[in-house]
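Asker: In order, the protein sequence lines correspond to chains X and V. This note's numbering numbers the first residue of the first sequence as 2 and each following residue consecutively. This note's numbering numbers the first residue of the second sequence as 351 and each following residue consecutively.
Everything labelled a hint here was simulated from the structure, so no lab data went into it.
Straight line, CA to CA, 25 Å or less: simulated BS3-like cross-link-like pairs of lysine-lysine:
#1 V:Lys694 <-> X:Lys89
#2 X:Lys23 <-> V:Lys694
#3 V:Lys694 <-> X:Lys3
#4 X:Lys3 <-> X:Lys23
#5 V:Lys694 <-> X:Lys17
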Amino acid sequence: MKLAVIVDGKELQVEKGTVLLKACRRAGIDIPALCYHEALEPYGSCRLCLVEVSRGTRSRVTTSCNYPVLREGETVSTCSESVLRTRKVVMELLLARCPGSEPVREMARKVGVSKTRFPSLAPARLAADDEALVNCILCGLCVRACEEAIGASAISFADRGPNRRVASPFDVNSAACIGCGACVAVCPTGVIRMEDAPEGIRRLPFLNTEVPLRRCGGCGRFFAPEAQLGGVHGKVPSVGEHLVVCADCRRREFGVQTARWKATAR
Amino acid sequence: MLIRSLQDLQKARTKGLRSCYPDRTRIMVGMATCGIASGAADVHAALAKAIRKHSVKARLTAIGCIGICQEEPLVDVLEPGRPRITYHRMTPAASEDLVSALAAGKTGGKERIFGRIDAEEILMDGSVHRYFDGAPPRSFARIPVYGEIDFYRKQMRIALRHCGFIDPDSIEEYIAHGGYFALAKALTEMSPEDVIGEIERSGLRGRGGAGFPTGLKWKTCREAEGAAKYVIANGDEGDPGAYMDRSILESDPHSVIEGMIIGAYAVGAREGFIYVRAEYPMAVARFTRAIAQAEEWGFLGADVLGTGFGLRIHVSKGGGAFVCGESTALIASIEGRIGEPRAKHIHATESGLWDMPTTLNNVETWGTVPVVISRGADWYSAIGTEKSKGTKVFSLVGKVKNTGLVEVPMGISLREIIFDIGGGIAGGRDLKAVQTGGPSGGCIPTAHIDLPVDYEKLAEVGSMMGSGGMIVMDDRTCMVDVARYFVDFLIDESCGKCTACREGLQQMRRFLADITEGRGTEGVLEELQELAEVVRDASLCQLGATAPNPVLSTLRYFRSEYEAHIVEKRCPAGVCKALIHYTIDAEKCTGCTLCGKRCPAAAITGVRKEAHVIDPATCIKCGVCFEVCRFDAVAVG
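Please model the complete structure; the sequences and the hints are all you need to start from.
Answerer: Next comes the structure, spelled out in structure tokens:
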């Protein structure tokens with residue numbers, strides 16, 4: 002069922018239950034957000050995607066990422082005075098949390114914040130030399146991608162309040178991590194990184210985790226985490242025999258076969 | 351004993367009445383956590399020993415908390431045909447004396463008599479059980495009567511109706527007081543819709559703090575579609591100083607179970623949970639026992655009272671996170687996930703526990719339900735104000751003479767609670783403010799002391815009902831320091847999920863620390879105000895949204911006190927250590943040397959009978975000298 006929503010004076014027809022942020026972005030109306038991803042359940046942690054929703058005479062400021070359109074004719078403002086003022090302060094808070102993060106500074110510029118009036122709380126929170134941890138904004142995209150999209154639940158939040166952080170269980174090597182790198186890909190601040198060491202290990206230092214890589218049966222180089230390939234094999238058994246070589250070798254092999262086949266055909 | 355009919359229940363009641371009012375002496379010890387913390391277990395043991403020693407024909411039982419916690423340990427003696435006598439501040443030695451006097455046929459322990467009770471009102475059916483006929487024996491006539499003691503005179507105990515009157519481990523005594531009759535009425539005479547209608551008409555609102563109409567909540571849940579439905583009791587009470595849920599669970603667990611069964615029947619749930627903090631071991635133990643009893647007696651299980659309706663209740667223990675009192679975090683925690691809130695755009699009544707329609711009510715609300723069903727909506731809605739019906743339990747604590755749990759009709763004024771029930775401010779000081787609603791409530795100044803207490807009125811003055819915490823503050827309380835204390839508490843208890851609450855509260859604490867430590871500059875109050883409003887408006891859940899209340903309310907009512915800290919670098923209440931110093935007035939000092947002896951930092955020098963002096967460099971500003979000086983010679987400024 003479609004419902005009408007008026008966003009900044011423009012009427013949108015939205016499937017019932019769609020969250021506002023998704024509906025707006027699809028209609029070309031941008032709302033800033035750092036913790037939202039279309040493939041994942043809305044979370045509502047960064048508090049940047051605030052909008053003002055009015056119904057009759059009542060209006061309130063709320064996050065658009067998790068606000069489902071359930072009623073006909075709600076009016077939404079993405080840039081009312083109270084939205085802009087509140088969002089600006091939230092942005093300043095994030096900037097004070099991680100003043101050294103370029104992606105956060107870029108988002109700040111986008112919402113019109115050039116500097117924060119708040120002092121940085123980073124040193125009080127963590128060892129000052131641990132830049133990666135300092136710059137994590139706790140958006141939870143990594144945790145949610147790992148749980149919802151990958152199904153591994155290899156990482157989670159630990160502790161609470163000012164001490165909240167993303168961590169592997171007990172801060173040791175996560176046995177459930179398959180090394181897929183979805184957390185790396187989805188991280189908006191770039192604090193989660195991974196590197197493949199020549200000895201056949203993929204390292205995710207932010208998560209204290211290392212996973213072994215598989216050596217290609219063709220060219221002999223390490224090409225993908227064993228656990229990830231094992232997972233794919235488990236889901237689609239028929240592809241198992243193709244997972245012993247790297248993608249390049251597979252293509253090359255396919256290319257050789259194709260050339261032979263063409264030659265024979267000719 | 352399995353109850354299958356109203357006749358069975360009547361029979362059980364008769365038996366229970368014999369347990370409550372035996373034909374021999376009954377000695378009762380208040381054994382809720384408050385009593386035990388004051389030494390009730392030792393008192394109980396001493397009584398048991400003395401009863402054996404003197405071969406007294408008496409039955410010793412534990413009862414719950416009767417409310418006036420500061421007088422604990424409390425012991426009650428009920429001899430057949432006589433008033434029930436309450437003894438306060440009991441000790442093992444006094445217990446021995448009491449029993450030996452009883453053995454000699456006398457009323458012992460006269461110096462510890464707190465009051466007498468002539469009759470009990472059985473609230474569930476409005477009947478009165480008199481302990482004796484005619485006038486009280488002459489020797490008892492001068493003992494103050496329970497209902498006329500200041501602490502109790504203006505109270506109306508509905509949720510606390512049985513607390514301190516029955517043995518919480520005895521289902522018979524609960525039934526004797528009319529327990530489970532409301533359930534029988536609901537299941538046999540009323541349809542689920544009738545039950546919901548009755549609750550709706552009663553005007554009962556959620557006692558957890560938000561005040562959502564209970565009947566409407568149940569109706570939405572009943573009408574929602576779901577393969578299963580659940581009822582949950584929220585017993586995750588975490589406000590500092592508030593303990594009414596604990597008291598109900600410890601003193602009258604069956605009232606909550608009965609309310610939950612009625613609610614489950616109304617909304618169509620077959621499974622229920624109580625979420626209670628693991629730090630309440632006695633509440634957990636008594637509630638768990640009560641569930642087992644209710645199952646054995648046929649009030650819970652596959653076939654409740656032979657009606658075919660079934661319900662099971664499980665106990666889920668919380669790990670001590672304050673935020674798990676928030677409904678969505680509580681549900682997540684029961685599911686085994688991290689206890690953190692999610693947005694409530696879709697209510698739990700439609701999608702709650704395991705995404706099924708769920709009715710979540712506070713322990714106090716559930717405990718009130720049987721009364722509403724039993725006495726009817728009209729009776730209940732006659733109590734209270736236009737929009738807030740019935741009674742509310744408050745934990746009256748702080749600088750007040752009588753501390754304890756008080757239950758009062760909605761609409762009573764703060765003045766009546768603090769001065770009539772609470773007996774006024776302790777130590778002859780002046781009232782400065784009262785904070786209601788727990789750590790995220792607001793501080794209400796003396797100017798609003800005549801405010802009638804209900805959900806709307808408290809919100810109008812910038813506070814809230816909350817769980818019913820009520821902290822009374824005297825003129826030696828610094829409101830900036832109070833704001834900082836509560837913000838500190840909430841920083842610790844924030845789950846940290848959302849930016850506004852996690853980062854905003856920490857920045858608010860920075861401002862407050864600057865002010866209380868003498869670094870406040872001009873304009874800081876405007877910045878603090880703006881930030882507090884953003885935290886209020888942009889937080890994900892009600893913990894964050896209400897966390898700025900202590901700051902916003904003190905900025906509203908005590909702004910000049912903030913300004914004194916900033917402009918004059920002075921703490922008018924003499925609390926903020928960075929801004930105060932202690933001095934000894936040489937004129938008033940008699941040279942008694944007491945302050946010098948007590949000073950932990952050895953900062954006070956002086957010889958006997960001569961004025962003493964405090965060395966400001968060594969002084970740690972603990973205030974001990976100020977407290978101990980009998981001549982008012984120590985000044986703080």
